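Protein chains: 2
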Amino acid sequence: MADLDTLYAHIEEHAADYVEKLREVVAIPSVSSDATLRPKVHEMGLWLQAELERLGAETKLHYPGTHVMDGEELELPPIVLGTYGTDESKKTVLVYGHYDVQPASLSDGWTSDPFTLTELDNGRMVGRGSTDDKGPVLGWLWVVEAHQQLGIDLPVNLKFCFEGMEENGSEGLDEMIVAEADGYFANVDAVCISDNYWLGTSKPCITFGLRGVSAFALTVTGPGWDLHSGVYGGTLHEPMTDLIHLMGTLVKPNGEILIPGIMDNVADLTEEEEALYDVLDFDVSELEAAAGAQTLIHDDKKQTIMHRWRYPSLSLHGIEGAFSGQGVKTVIPAKVMGKFSIRTVPNQTPDEIAEKVKAHLEAEFEKLGSKNTMHVEALHGGKCWVGDLNHPNFKAGTRATEKVYGVTPDFTREGGSIPVTLTFQDALGKSVLLLPMGRADDGAHSINEKLDKSNYLNGIKLLATYLHELAAETDL
Amino acid sequence: MADLDTLYAHIEEHAADYVEKLREVVAIPSVSSDATLRPKVHEMGLWLQAELERLGAETKLHYPGTHVMDGEELELPPIVLGTYGTDESKKTVLVYGHYDVQPASLSDGWTSDPFTLTELDNGRMVGRGSTDDKGPVLGWLWVVEAHQQLGIDLPVNLKFCFEGMEENGSEGLDEMIVAEADGYFANVDAVCISDNYWLGTSKPCITFGLRGVSAFALTVTGPGWDLHSGVYGGTLHEPMTDLIHLMGTLVKPNGEILIPGIMDNVADLTEEEEALYDVLDFDVSELEAAAGAQTLIHDDKKQTIMHRWRYPSLSLHGIEGAFSGQGVKTVIPAKVMGKFSIRTVPNQTPDEIAEKVKAHLEAEFEKLGSKNTMHVEALHGGKCWVGDLNHPNFKAGTRATEKVYGVTPDFTREGGSIPVTLTFQDALGKSVLLLPMGRADDGAHSINEKLDKSNYLNGIKLLATYLHELAAETDL
Ligand SMILES: [Zn+2]
Ligand SMILES: [Zn+2]
Ligand SMILES: [Zn+2]
Ligand SMILES: [Zn+2]
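Protein sequences, first through last, are from chains A and B.
So for the first sequence, UniProt numbering puts the first residue at 1; every next one is plus one.
So for the second sequence, UniProt numbering puts the first residue at 1; every next one is plus one.
Keep in mind that the hints are not guaranteed to be accurate.
It does not matter which identical chain is used: a pair holds within one copy or between any two.
What the hints assert, rightly or not - Straight-line Cα separation of at most 25 angstroms, DSS-like style, residue types lysine-lysine; simulated pairs:
no. : residue 1 : residue 2
1   : K203      : K91
2   : K371      : K302
3   : K21       : K358
4   : K252      : K367
5   : K358      : K252
6   : K302      : K90
7   : K329      : K358
8   : K203      : K430
9   : K301      : K371
10  : K60       : K91
11  : K383      : K329
Note that these hints are calculated values from the structure, not bench results.
Quick caveat: nothing in here was measured; it's all calculated off a predicted structure.
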């Protein structure tokens, strides 16, 4: 294996350059959900292409077409593809990241302009996209650059896949991956994504699991149009009353899901899994701080984490078609749609969940004795994902973390989903490793998003080391 | 009493003039809830002032000031006040109406331009404001004009009060009435409002009761900000879950209100009252047609009408702060506000209702065992109103109806509120009669609003006859 210490020293020496480049890209407000900023998303994509070309990668822009947003037809930003190295004796690693960001404005409460990278005394670099996901995306570039500058051979071939619509539904991405599975991505041996976060603020982690999500729309329809509650109140079955009763049969205030059979396929807790929770760098007070409230259901850390990662949860998101403005409007809404979703875990499947939800709601609606009509629609079902910690890809990530940070990483899951993880795994049939750069308190989608400078630099070292460790794996 | 037949014949002869004038005012789109049309509301107020002046009334414009709508500060339209006759030997009748209208546009589904009065073969005059409330307001003017043209002495003094904000909260009206109770309105003996509708389509009615309304906002607060359901789902008490459970404890799908003690003060049904329901011109199929659904709770006419008029009802209007858009957003809303209101009846009071609602919700929230916080706010409480059918004002309205239509009117209530009714009664201490001109199917706030030409003409006769009958009352 190459001299990693030389590599690490080089990275530390070039810290100022890396920060300048991050400043440059944070200044491009590539907000994918803002139609007026769509040109900036394109600009950011081209910036990345140019950098990849400068580093000697062969690049290709995949334009997925157009989509309609806020009534406007917009050109989707390009998926930036790159190939660096085609040495058949080397393994090929596909790295994914996204160059679009969440919206941000000073008026949301930022303490500095969100699109001006602002370095604080405590080492924080504040700016939209710093940690999600421009910092990690740039990290991959500096790994290549550092090897070139030091004359160290990069021990793997790289495939890059950087998209510009991650914060806005990743439109066109899945189709492209599936279409290129045997094409552009044919020789990929392993996948690595750096787009999530440590569990806490001091200990790095390797992420091996994500919950799935099954979303539903529950519609109750009655009158032909909205009615005045003065004129009709008391005379007819009101859709809102039915809907509220139905939504109340889904979940208890303590989080218990009331749908019969919903827990049937939840994987049993093994001793091996249970042991992972004990060592985690996590305190419930951090979760409370991040949520801005002391309203946790469970008192202890282990139960809290397990209900975030390995048990399903059901959230009621809202109601479409009812009055949602300020004040009060004495309306009887004619048609109301309750929106809720279930975070799913192994070994639940979207089909199974949808069936149980429908059966339950139909039975409950029957009990109401209402003359209204009810309809349940499964909106989308993303499967849960669990990676194999014993796979060489994870072993490489683990050893890389140990080398850079000197500790065994936490082995974590996430409560949310990163759909592309499963797409890569299913389409390419390869292991996908989630290898985060930032910390739990980076505030990815919040105000004052930041990336600690130490996480940035150690993150670059981590990505580099991971590639060397992976190259050294004989079982891949 | 003057020769009513001469008066009736004159009114029939001048039908074309009255229709032309209605066409003229329908063409002024005085939509009070549309900022861009506010100048048209002012124009309509000045049109009325000019007509009153032409008829010899002394007029006065009361400008209530400004209000903010859609972020714009707008001048409120004038309340047009008029005095016609100051003969101390005559009684003084105050008539109220409104000259603003609901929004309307062809794209809503109108079969003709809403601001062009369109006469159909079946006698319908279609146009926004035709029945609500420009037709009735003009009716009062033609009563005065007809007397002048015929040289018949108007048997009462009149006070006019026409507002331009009825469809948008009647801002400034109550304050003015209270302030002028012992001033401009000091000598008023009785009040008449023509701004509601027959119960059905063939039999006239006198309206003597209105339900009140008590509106509430039920707030549940948890996290400091909206959270991602993937990250937090299962770990903390979600405000939406609590709120949905609480809203579910308010009312059953069959309309039964579940708040303890809520029915305690509902007036007993007397034989005298019960007899009124038997003769009503009403069929549940009309209500079904108007609601666009066959979802009535009660099968028979009497129960349906009683639950519309004389029993309270509770409607759940919606939720503020939750996701209300299309599709799904996997959010855990941090603070959600359920909006609901109770239509109240004699002898319920807003204070009593508010107390019972709060006590109930506090008890139910306690049962949830949630760490979130709950707050119940009584938004506004309009009292219910019941007039005395034996009062000379009502007797005069009844006899007038019998003379014009040849039938005893239905004695009806309304499920909704007309707040100014109670303001006049309380501020002036005088009887208020609701004497409708139009029919149940006029579609006041809907597309293709219409006034039947026969209702317009008979309505003018009715208002005229009412004034004569009232003048003949010795007990007033
Ligand atoms: Zn991201
Ligand atoms: Zn993100
Ligand atoms: Zn009206
Ligand atoms: Zn109206």
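Against the structure, the hints come out as follows:
1. K203 - K91: neither (29 angstroms within a copy, 88 angstroms between copies)
2. K371 - K302: The answer is between: 19 angstroms across copies meets 25 angstroms, while 46 angstroms in one copy does not.
3. K21 - K358: This pair counts as neither: shortest intra-copy Cα distance 51 angstroms, inter-copy 58 angstroms.
4. K252 - K367: both (19 angstroms within a copy, 12 angstroms between copies)
5. K358 - K252: both (18 angstroms within a copy, 22 angstroms between copies)
6. K302 - K90: This pair counts as neither: shortest intra-copy Cα distance 42 angstroms, inter-copy 85 angstroms.
7. K329 - K358: between (31 angstroms within a copy, 20 angstroms between copies)
8. K203 - K430: neither (27 angstroms within a copy, 78 angstroms between copies)
9. K301 - K371: Between. Shortest inter-copy distance 17 angstroms satisfies the 25 angstroms Cα cut-off; intra-copy 47 angstroms does not.
10. K60 - K91: Answer is within; shortest intra-copy Cα gap is 21 angstroms, inter-copy 90 angstroms.
11. K383 - K329: between (40 angstroms within a copy, 17 angstroms between copies)
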